[in-house]
Amino acid sequence: MDMALEIAVAAIKIFIVVNVVQLVVAYTIYVERKVIAHAQMRLGPMRVGWHGLLQPIADGLKLFLKEDIIPDKSDRIVFVLAPVMVLVPALVVYAVLPFSATFYITQINIGLFFILAISSLGVFGIVMAGWASNSKYSLLGALRSAAQMLSYEIFLGFSVIGPLMLAGSMNLQEIVHAQSDVWFVFYQPIAFIVFFIAAMAETNRAPFDLPEAETELVAGFHTEYSGMKFAFFFLAEYANMFVVSTVGIVLFFGGWDGPDFIPLPGFVWYVLKLSVFMFVFIWLRATLPRYRYDQLMRVGWKFMFPLVMINIFLTGFLKYLFL
Amino acid sequence: MVGVANVSRIEQQSTVHGTEELVINMGPQHPSTHGVLRVILKLDGETVNDLDCDIGYLHRGTEKIGENITYTMFIPYTDRLDYIAAPSNNLAWVTAVEKFFDWEIPMRAQYIRSMVGELSRIASHLLWLATHALDIGAMTVFLWCFREREMVLDLFETAFGGRLTVNAFRLGGLHEDVPDKFLQLTQEFADLFPSRIDDYETLLTNNRIWLQRTRDVGIISAEDAMDLGLTGPIIRGSGVRWDLRRAKPYAAYPYLDFVVPVGENGDIYDRYLVRIEELRQSTRIIQQCLEQLPGGPVTCKTPRTIKPPEGEIYHSIENPKGEFGFYIVSDGTTTPYRVRIRPPSFINLGGLKKLCVGQLVADVVAIIGSIDIVLGECDR
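Just so you know, the protein sequences line up as chains A and B, in that order.
The first sequence runs 1 to 323 under this note's numbering.
The second sequence runs 1001 to 1380 under this note's numbering.
Hints listed in this document are in silico derivations from the structure and should not be mistaken for laboratory results.
Here a beta-carbon is modelled for each residue, glycine too, at the ideal position from N, C-alpha and C.
Among the hints, erroneous ones may be present.
Stated by the list, open to error - One side of the interface only, derived from the structure: several residues of chain A facing chain B at Cβ under 7 angstroms:
#1 41
#2 58
#3 131
#4 134
#5 135
#6 205
#7 207
#8 289
#9 290
#10 291
#11 292
Unchecked claim - Ranges between beta-carbon positions, derived for each pair:
#12 B:1224 - A:189: 42 to 50 angstroms
#13 A:227 - B:1241: 23 to 31 angstroms
#14 B:1150 - A:54: 24 to 32 angstroms
Unchecked claim - Using 30 angstroms as the maximum straight-line C-alpha spacing, the simulated DSBU-like pairs for lysine-lysine come out as follows:
#15 B:1181 - A:73
#16 B:1181 - B:1301
#17 B:1099 - A:136
#18 B:1354 - A:136
#19 B:1064 - B:1042
#20 B:1301 - B:1042
#21 A:136 - B:1064
#22 B:1301 - B:1099
#23 A:62 - A:73
#24 A:302 - A:319
#25 A:136 - A:34
#26 A:66 - A:136
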């Protein structure tokens, strides 16, 4: 009986989270369009609803109704499977994200490890999409993407080790509790910089958006996709942005925990911090040009890799001395 | 010898694994080929081994049309060559035809021609900067540049009625004097524009990513550039101080004070800096034109039917994209016997292969952007 109840509660939570995530993602796209528009001295969406507020709904409807084209020469099964392979890991990760002290779907002791493991599955979907499309632009985009995401996963993985050593746990809730006095970003500035850059590369955001560099590769790995399959890639990208932002908040900015003198619920703190993260993502996209493929790799392996290694050694050394 | 050994080893490997070059068709419908240029790329991974340009998608037989209509009627056709900077083309045609005669073009017309020519240079360079930056991924510059280009087009509209195809000048001067409002709005624009150039530079000039993408990419030496006949900002970017406004002055340029900027390395970044400085110099020229603008008539006495004497003539001017010339053969009738256009885009595009081979795919779009082609004049 208890077990049935637990499953029911979990199912409700999953239902809420997945649906809220989809809606929030849709509105993040709206916010992104608005913020970039104002950075560029224009208005952005204005027609559908008050100040274009219904635009995401209209866009979603449009993508639903669009003809779903599968190219003749493509590998049909893989072509259909690829968007699912990208979106599902992006959503599964939400299972362990702590939205507040009490609201989370589940809590496991290897939470951080789980996130890294699952989110790295997304790259398979991208390679599958590029290969199955049987298009040269898609293939080039997918190859770039695979190389980029695999390399930057390594830096992402290493950059979280610093905070992990300080917290002494992989449980995301415990990492948040460990920061109740000081946020880890003050102890671990180098790790945070590496984490943030790697997170941008990991989610294919500007200035690291080469896999879908529209001016070179038309649209990269999803050139041949249309309708809901295309929407899946789109949703996955933004869902991944939320995941890396949340992980960043949990590891470096005290998660849902805020300073005591401002009494706000944990969830509000989380949303505030998340908004700042997302705004920085959008802001960078409006400002920066795009890196070239080989430069991206050079930045990663020659600059970030040594940096994050030094950080791990330094953290261990100082921890041994002072704690 | 080491190089040879390496090459043979690579060849051996490629036969073992059966690898081959990837042929990619870029364009004519591609976001970064700036019109309907088609480039066939042969890639080894992401490196360009060879490339071939396929042009002619916008061929309209402009030269042949020129043989069948009068000298005056051809002016609107020149609008459609380099449609980004239409008044410059008009200027090239009218000055070329005027070379047949010994007309005294009034100074007011000359100054307005120079001023509008520089406005069209600004319009052209703004479109170049916008799309070039967008190719490299900086999308905000795109819209900022279009905001100012819109102002320039509004100026054209105030003076001549047209925005894109302006049909600005006539043989012997102007159709009619420009309205006072045009001069006033141009003054406002010239006062405002330098600060806007600073804005673009804030986003790009010292941006590390921009530097990495443009420095030491697409280098062409001064000798190669001269051998290929490249002109305009490309050859100036390679350090050759060649500007027809100085070398063979026309319109009011002999009386105007301006600097011809040159680069050092001949890479994309130098071409960028040259064009940015040209934007500033153009603004300076416009300011001077407004200060020195004399009064008086805007057209000289011309015969009702234009019948140049038998003979041939070549005249070229410094268009935003390079040397833009007309070679006209006259048989003494009202229509030219032959019109030949020297399009800077076509000849500059000839340097594309030299610039691109050995670079990466991502650089190809940057290099095409830095050459600044417009297919209307390339295909004619």
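Here is what the structure says about each hint:
Interface restraint check for residue 41 (chain A): the shortest CB-CB distance to chain B comes to about 6 angstroms, inside 7 angstroms, so the restraint holds. With a cut of 7 angstroms, the hint placing residue 58 (chain A) at the interface with chain B is violated, because the nearest CB-to-CB distance is about 23 angstroms. Hint status for residue 131 (chain A): violated, given a least beta-carbon distance of 14 angstroms to chain B, over 7 angstroms. A distance limit of 7 angstroms between C-beta atoms decides the matter here; for residue 134 (chain A) the minimum to chain B is near 13 angstroms, and the interface restraint is violated.
A least Cβ separation of about 10 angstroms between residue 135 (chain A) and chain B goes past the 7 angstroms threshold, and the interface hint is therefore violated. Below 7 angstroms, beta-carbon pairs count as interface contacts, and residue 205 (chain A) has none with chain B, the closest being about 11 angstroms; its hint is therefore violated. Evaluation of the residue 207 (chain A) hint against chain B yields a held restraint, the C-beta minimum of about 6 angstroms falling below 7 angstroms. For residue 289 (chain A), the shortest C-beta to C-beta distance to chain B is roughly 4 angstroms, which falls under 7 angstroms, so the interface hint holds.
Below 7 angstroms, beta-carbon pairs count as interface contacts, and residue 290 (chain A) has one with chain B at about 3 angstroms; its hint therefore holds. Because the beta carbon of residue 291 (chain A) sits about 6 angstroms from the nearest beta carbon in chain B, less than 7 angstroms, this interface hint is met. With a least beta-carbon distance of about 5 angstroms to chain B, the hint placing residue 292 (chain A) at the interface is held under the 7 angstroms criterion. Between residue 1224 (chain B) and residue 189 (chain A) the Cβ separation comes to about 48 angstroms, which falls inside the hinted range of 42 to 50 angstroms.
Evaluation of the 23 to 31 angstroms hint for residue 227 (chain A) and residue 1241 (chain B) yields a failure: the beta carbon distance comes to about 56 angstroms. At roughly 29 angstroms, the beta carbons of residue 1150 (chain B) and residue 54 (chain A) sit within the given window of 24 to 32 angstroms. For the given pair, residue 1181 (chain B) sits about 61 angstroms from residue 73 (chain A) by alpha-carbon distance, which is inconsistent with the 30 angstroms threshold. Of the pairs offered as hints, the one joining residue 1181 (chain B) and residue 1301 (chain B) holds, with about 26 angstroms between alpha carbons and a cut-off of 30 angstroms not exceeded.
As the CA atoms of residue 1099 (chain B) and residue 136 (chain A) are separated by approximately 53 angstroms, the hinted pair breaks the 30 angstroms bound. About 24 angstroms separates the Cα atoms of residue 1354 (chain B) and residue 136 (chain A), which keeps this hinted pair within 30 angstroms; it holds. Taking the CA atoms of residue 1064 (chain B) and residue 1042 (chain B), the gap is near 35 angstroms; set against the 30 angstroms cutoff, the hint is violated. For the hint linking residue 1301 (chain B) to residue 1042 (chain B), the alpha-carbon distance of about 58 angstroms lies beyond 30 angstroms, and the restraint is violated.
Distance restraint check for residue 136 (chain A) and residue 1064 (chain B): the Cα-Cα separation of roughly 40 angstroms exceeds the 30 angstroms cut-off, and the hinted pair is therefore not satisfied. As the CA atoms of residue 1301 (chain B) and residue 1099 (chain B) are separated by approximately 15 angstroms, the hinted pair is consistent with the 30 angstroms bound. Straight-line distance between C-alpha atoms of residue 62 (chain A) and residue 73 (chain A) comes to about 26 angstroms, which keeps the hinted pair within the 30 angstroms bound. With a C-alpha separation of about 26 angstroms, the suggested pair residue 302 (chain A) and residue 319 (chain A) falls inside the 30 angstroms cut-off, and the hint holds.
With a CA separation close to 33 angstroms, the supplied pair residue 136 (chain A) and residue 34 (chain A) exceeds the 30 angstroms bound. Between residue 66 (chain A) and residue 136 (chain A), the direct Cα distance comes to roughly 24 angstroms. Compliance with the 30 angstroms bound is thereby established for this hinted pair.
In summary, the numbered hints that this structure violates are 2, 3, 4, 5, 6, 13, 15, 17, 19, 20, 21, 25.
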